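A.B. asks: Protein chains in written order, with the numbering used here: chain A, 1 to 682; chain B, 1 to 682.
It should be emphasised that the hints constitute simulated quantities derived from the structure, not laboratory data. Note that the structure is a prediction, hence the values are computed from the model and not measured. Some clues are possibly wrong.
Since the list gives no way to pick one copy over another, a pair counts as held whenever it fits inside one copy or between any two copies.
Simulated pairs of lysine to any residue, SDA-like, Cα-Cα distance not exceeding 20 Å [stated by the list, open to error]:
1. Lys587 x Ser642
2. Lys87 x Gly292
3. Lys158 x Asp88
4. Lys314 x Leu274
5. Lys318 x Leu364
6. Lys587 x Ser462
7. Lys318 x Met272
8. Lys314 x Ser273
9. Lys318 x Asp648
10. Lys158 x Ala334
11. Lys487 x Glu405
12. Lys127 x Trp23
13. Lys587 x Asp245
14. Lys651 x Arg344
15. Lys314 x Leu366
16. Lys318 x Ser277
17. Lys158 x Asp475
18. Lys227 x Gly255
19. Lys529 x Trp560
Protein chains: 2
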Amino acid sequence: MRILWLIVALTASVPALGDEGMWTFDNFPSSTVQSTYGAQVTPAWLEHVRLSTLRLSNCTASFVSPDGLILTNHHCVESCLAELSSKDNSLLDRGFRAENRNAERRCSTQLADVLVAMDDVTAPVAKAIGGLDDKAANDARKKVLTQLEQSCEQASAKLKSGKLKCQAVTLYEGGQYFIYKYKRYDDVRLVFAPEADMAAFGGDPDNFQFPRWSLDFSMLRAYEHGKPAKTPNHLRINFAGPQADELVFVSGHPGTTQRLETRSQLEFERDMSLPNSLLRTAELRGRYIQFGRASPANEQLVEAPLDSLENGLKVRRKLLDALHDDALMTRKGAEEAALRANARFAGADPWAEIEAASMRERGLYLPYTFIEGAAGFNSILFRYARLLVRGADERAKPNTERLREFTDTALPRLEQQLYAHVPIYAEVEALTLSFSLQRMREWLGPDHPLVRQLLAQDSPDSLAARLVAETTLDDAAVRRQLWEGGKAAVAASQDPMIELARTVDGDSRALRKRFDDEVEAPISAASEKIAAGRFSAYGTHVYPDATFTLRLNYGTVQGWMENGTAVAPFTYLDRAFERATGTSPFKIPDSWMKVKSQLDMRTPFCIATNNDIVGGNSGSPLIDAQGRIVGLMFDGNIHSISGDYWFDTAKNRSVALHPAIIREALDKVYDAKSLLAELSAQ
Amino acid sequence: MRILWLIVALTASVPALGDEGMWTFDNFPSSTVQSTYGAQVTPAWLEHVRLSTLRLSNCTASFVSPDGLILTNHHCVESCLAELSSKDNSLLDRGFRAENRNAERRCSTQLADVLVAMDDVTAPVAKAIGGLDDKAANDARKKVLTQLEQSCEQASAKLKSGKLKCQAVTLYEGGQYFIYKYKRYDDVRLVFAPEADMAAFGGDPDNFQFPRWSLDFSMLRAYEHGKPAKTPNHLRINFAGPQADELVFVSGHPGTTQRLETRSQLEFERDMSLPNSLLRTAELRGRYIQFGRASPANEQLVEAPLDSLENGLKVRRKLLDALHDDALMTRKGAEEAALRANARFAGADPWAEIEAASMRERGLYLPYTFIEGAAGFNSILFRYARLLVRGADERAKPNTERLREFTDTALPRLEQQLYAHVPIYAEVEALTLSFSLQRMREWLGPDHPLVRQLLAQDSPDSLAARLVAETTLDDAAVRRQLWEGGKAAVAASQDPMIELARTVDGDSRALRKRFDDEVEAPISAASEKIAAGRFSAYGTHVYPDATFTLRLNYGTVQGWMENGTAVAPFTYLDRAFERATGTSPFKIPDSWMKVKSQLDMRTPFCIATNNDIVGGNSGSPLIDAQGRIVGLMFDGNIHSISGDYWFDTAKNRSVALHPAIIREALDKVYDAKSLLAELSAQ
C-alpha cells in the first residue's frame, strides 16, 4: 500500500509529468529512462558526460576535442568579445577566427569548471544549526558552509591530481547541502566566433522564438601551464544530428528556478520585484538605444549590454505574465495542500512563516534594492569600488566571519575580475550611473537621508559625470594596488568612487543585516521544514530547483501545437535567406552572401526538443544515447520562460543549434578547415 | 426600518466615508454639508460656481475677473507654451507675461467650455435599446446619443443666447445618461506663465508629493468676437487663503475613476493594461532623456512631452501598486456581495458577463493597443494622417452612422486641432515613431502579417525616418486642404504618412469592431444591469465615477499622518529656498533670486486638503463657503493616486497653490501690477 499511496501523492502534487526534471547526476532516474525509452544510462556514461561538461561564468560548455577545445554559444562569449574589442574594432560585429593556436586570445574574466565530485554534507549542517533560533541558525549555517569549503580545499591541495575548487550547494531549498568539487581552468582562450549579425540573426524580436535561424555558437580552448589542456573526457559530434522523436539529453547548469517556492514568495515576485526591475530595465533600454543612435561608434559601445538587457527584459516580462496566470497560483495551492496532507510539520506552519517574512521583504525591498542591491549605483566602476572597500574590511576578518562572497574560496574569482584589463567606456558608465541615481531619487524620494546626502549640491548627471571623470579605477593596476594594499590603502584612497562606496557602505550593510535576519533567516528555516516534509512524503522522486549546478535531463526531439498549428522541430538554411531584410537584426552578413550559391540550402539549422532547460543551460551539449553531441542548446521557445515556475509539458520547448549548420559554416563560410578537422577527427 | 436598512447597506458596501464624493451639481448633498459643517450651499451658490468654472482640453479653470480672465495651472498650458515656442525661444523655460491685452497670444488648440444646463436622457436611451441583444444595443446606444446631441445643438442654434455644444454623458457606468450643454469659448489667449523651473519646482521627484513648493499657476483670457469676453459669473480671490480645518469645495472636472468597476475589470488593468503601458512609457522616458542630453536644444524639444510622460508613469506605477493591495480586491468582493444581497438581478449575473468579456479583452489587447490604439504609431503626424483618412470616410456617412468621435458635435474640435499651426519637431517624431514600430514588432512578433508588411524591407528606424522626412502633414495648410478636399483628396494623396494610415485602416477598424462587439457591448449591457441594481438599493446616495464632467466636492484643509509623523497642511516660501540645489528640477530661477531679499519668506505656498480629486481637476478653484477662491488645485499626495479605485479617507490629500504666493509672485517677482489689480479689483 505504501507504494501505491506514494504514486497517488506524486500524481496529485508533484509536477513530474512527461520528461520534465533537472536531475542531479547522483540521482538521475536511469530506470525511468530505461523503461520509457529502452536506453541504458550507465554510471560510466554519466561520468563521461559529467567530466566533459564545463561551467563557464554564466553558461555551460563542453569539451569537444582531446586538446581542450570547447564548444559553447556565441552569446556566452559576448563579454570576452567585448573585452578583446576596442572602440575601433568590434569583435562582436566582425567575428573572430584564430589562424592557428598561437593566435587564440585569452578571455581574462573567463573560468571553466568541471565537476569532479559531490559530497553530501546535510548532516554536519543540521548539526551546526541544531537548537538555534532562526537568526542564529542563519549565521551558523553560513559559517559551517564556509568551514566545509575551506577544509575541502585544504584537503585537495594535498592531492596529486591538484587543488580543487570547493563550493557549497543548497538543494531542495535547504533539504540537502552538498560540497561540489571542481577542477578549474583559469586560462581560457577565444578560438572562433561568427559575426553577431549571424550568431544573433533575428535579434531581440526572435529571441525566445522558434522557428529560429541564429548561428549561436563559438569556440574556446582551455589551457594549462600555457599549453592546450589535455582533455581525454570530451564529447564527439554527430554532424548528422538527431531524428524527430529521438531520445536526447542535456547536460548543463540551469541557473535558477523557483518551482519549489511557496505562493507568497511568487506573489512577492509578481507584485514587487518583477514590476520594479522591469520598469528600470525598460527605461535603461531606451537610454541605450538612443545613445547608440548618436553614432555607429556609440551603437557598438552599447551593443553587448543592450543584448543582455533585452534578454533579461523579455524573460522578466514573460515571468510576470506567467505569475498573472491564476492557474499557476491555484496549482501552488494544490501542491501545498497535498504536502500538508502527506507530511507532518509538528505543529509548525512553515508556509505562514514564509508569508510573514515575505511581507517584511516588501517593506525592505526598495532601499535594499537601490542601496545594497546597488540598483542606485549602476556602474562597473562602482562595483569595483564596493569590492575594494568591502573586500578590504572582510579580508581582515577570519574566513568564517566574512560575508560569504568574500571567503577564501570566492577570492580567486574576485581577484580575476578585479585584475582583468577590460575596456570601460566612460560615456556608458556616466549614462548608467546617472540613470540609476535618478531612479534612486525617484523611488526612495528626494528627502531620503542618503539621497539628500549624495545629491545635496549635485544633479544625478553632474555627480555621475564627475565620479566617472575623476576616478582612476578603470585602470587595472590601480585596482590591484588597492586590493593588495588592503584596509590601509583603501582607507587612504581619495578616489571619488571609493569615497562613494565608503559613504554608502554603513547604510548598505545595515540593510543587508536586516534582510538577512528578518527575511532570509526565517525563510531558510521554514524552507528546510518544508523540504524535510517533502522528503518524508516523496523521497527524492522530486528534483531540486536549479542552482547553477550540474544537472542532466532527458527528452525527445519534438515540436508543439501553437494555436492549433503544428510547429515542426527542425528549421533549414533557406528560410533564413528568405527572412532577411538587409538590416540588423535581420541582416545576413557579407561572408554568407558571398558564398550563398555554394551553400546547401537544405542544411538543418535549429532543433526544438522538450528538454527542461532554463538560463544557464546556454551552451549545453544536446547528447544522444550514444553520448555524442547532436545539438547545442542556446534558447527556449516563448513558453519555456515560465519554466522558472513550472514545466509546461505541452508547450515548453528548448532550442538547439543543429551540428550540420556548424559544419556548413566552418567549411564553406569561414574556411576553418583545421578546426573542423579537430572536431571531426575523433 | 427601510431607512435603517439603507444606512446599514451603505456602510457595508458604499465607500461613502468622510468627505468623499465627486458629486454632480444636480445631486450635491447640501443637507449633509449643512448638518456636518453648518454651511448653506444654496442653489444660487451652486449656479454661480458652476457658471464660473471652465473645462479646458484636459484640465479645469475658472473665471477670475469680469473681463474673461482665467486662472488655471501652469501644467495645463504647457501645450500652449510649446505651440508658441520655437527651437530658439522656449516659453516653457522663460515664462510669459503679456505687457498689455494686445500682447496676449492665442492658444490655437485651446477651448474653454462652461456647463450651462444638464438634461436627463436616461429614458430615451433605454427606449432605443429596449429588447435588443448586447451587440445591437451597443450600436443603438451610440446612435441615439448622437441623435440627442444633434437635436440639442440644432435646437440651441435658434436661441438668442447663442449656439451651444451638446455632449452625451454616461454616468454610473450606464445607470444614467445626460446631455450636457456648454457655452464654448474657442478664442483663448495666454496672459501669464512663470518659468517652468518655478512652476514645476521639484519636477518629477516632487510630483504627487506634499509638502510642496511648485508655483503651478498661469493665466489665460477668453475672447469673443476678438474682444475680452464679458464674464459676470466669476470668482473672487481671497488672498488670505483658508484656515486649517476650514470647510472648502472643489469645482472641477475629474477625468476618470474606476470606483464602480468590477473586480475582473480591475484585474484586467492589473495584469494587462498597466504593466504593458508602463513598460512602453518607461522605455520612451529613457529615449527622451537620452535624446535631451545631446544638447540644450534637444532637451528643450522633449521637455513638455517628457513632463507629461513622467506624470503618467508615476500615476500608473502607483495605480499598479494600489491594485496589488489585496485589501482593494477584498473590498470589491464585499461591495459586490452586498449589492447582490440588496438588489435583484432577475437571474442575470452581470459580474460573470463582465468577467467573460474581460477575458476576451485580454486576447484582443495587444493587437488592439498597437494597431487601433496606435501604440505602434506613436507620432503626431500619424495621428493627423489617421484623422484625415478616417475623417474623410466617416464624414461621407450620415451623422448617426459615424464613429462617435466623428459626429457633427465632435468635428469643430477636430478641425481646430488639424488647422492649428503647431510646431512639429522631426527629430522627436522620428524618435517616437521608430520606438513604437520597434515595440509593435516586439509585442506582435516579426511574423505578424501587418508587421511583416510594414517592415519587409525596412527597419523601424529607416521606415520612421523616411515617413517623417517625406510627409508634408506638418504643414497646417496641407492638412486643411486634405480635410476640406474630403474623400477624393485623401484618396489621391501620395503622402507617405497618409499611405501608412490607409494601409493600416482596414485591420484597425476590424479590431475595433471586434472590440466593440465582443468586449464593449457586453460590458455596457452588464454595467447597466449593475447600475440599475445599485439605484434600486441605494438611490443616488452614491456618486458616479468621474467622466471629465463637472463635479463638486467638499472637504477641509488638513494634513495627514505619514508613518506616525503628522504632515502639516501648509508650506511656506522659505523652505523652497532651503531645498534649492541650483540644478533643475530644484533650481529657483534668477527672477526670484534677484528679489529674494524683498520677499516675505513666511508667505504660505501650498495647502493640503482632503478634497476628493483626480487628474482633470488640475486648475480647479478651491472655494470657501462664501464662494471665494482660497486655493488652486494642482496635484494630490502620493496616496491620492489610488483615488482611481477608492478614496482613502486617512491619507488621500489634494494639493493646492495658496493665493498668497500668487500675489507675492505677481507683485514682487513678475511686476505684473495691472494683472494683480484686475484680480483684486472686484
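A.B. asks: All hints are to be evaluated individually against the structure, with a verdict given for each.
C.D. replies: Going through the hints against the structure:
1. Lys587 x Ser642: neither (30 Å within a copy, 47 Å between copies)
2. Lys87 x Gly292: Within one copy, since 13 Å is at most 20 Å while 24 Å is not.
3. Lys158 x Asp88: neither (48 Å within a copy, 75 Å between copies)
4. Lys314 x Leu274: So Lys314 and Leu274 pass the 20 Å test inside a copy (12 Å) and across (17 Å) alike.
5. Lys318 x Leu364: between (25 Å within a copy, 18 Å between copies)
6. Lys587 x Ser462: between (39 Å within a copy, 14 Å between copies)
7. Lys318 x Met272: both (15 Å within a copy, 12 Å between copies)
8. Lys314 x Ser273: Cα proximity of Lys314 and Ser273: in one copy and across copies (15 Å, 17 Å).
9. Lys318 x Asp648: within (14 Å within a copy, 33 Å between copies)
10. Lys158 x Ala334: So Lys158 and Ala334 fail the 20 Å test inside a copy (51 Å) and across (70 Å) alike.
11. Lys487 x Glu405: within (17 Å within a copy, 70 Å between copies)
12. Lys127 x Trp23: neither (26 Å within a copy, 67 Å between copies)
13. Lys587 x Asp245: Close neither inside one copy (32 Å) nor across copies (67 Å); limit 20 Å.
14. Lys651 x Arg344: Answer is neither: 35 Å inside a copy and 44 Å across each miss the 20 Å cutoff.
15. Lys314 x Leu366: Between. Shortest inter-copy distance 16 Å satisfies the 20 Å Cα cut-off; intra-copy 22 Å does not.
16. Lys318 x Ser277: both (13 Å within a copy, 15 Å between copies)
17. Lys158 x Asp475: For Lys158 and Asp475, the Cα distance exceeds 20 Å both inside one copy (36 Å) and across copies (82 Å).
18. Lys227 x Gly255: The answer is neither: 31 Å in one copy and 72 Å across copies each exceed 20 Å.
19. Lys529 x Trp560: The answer is neither: 38 Å in one copy and 43 Å across copies each exceed 20 Å.
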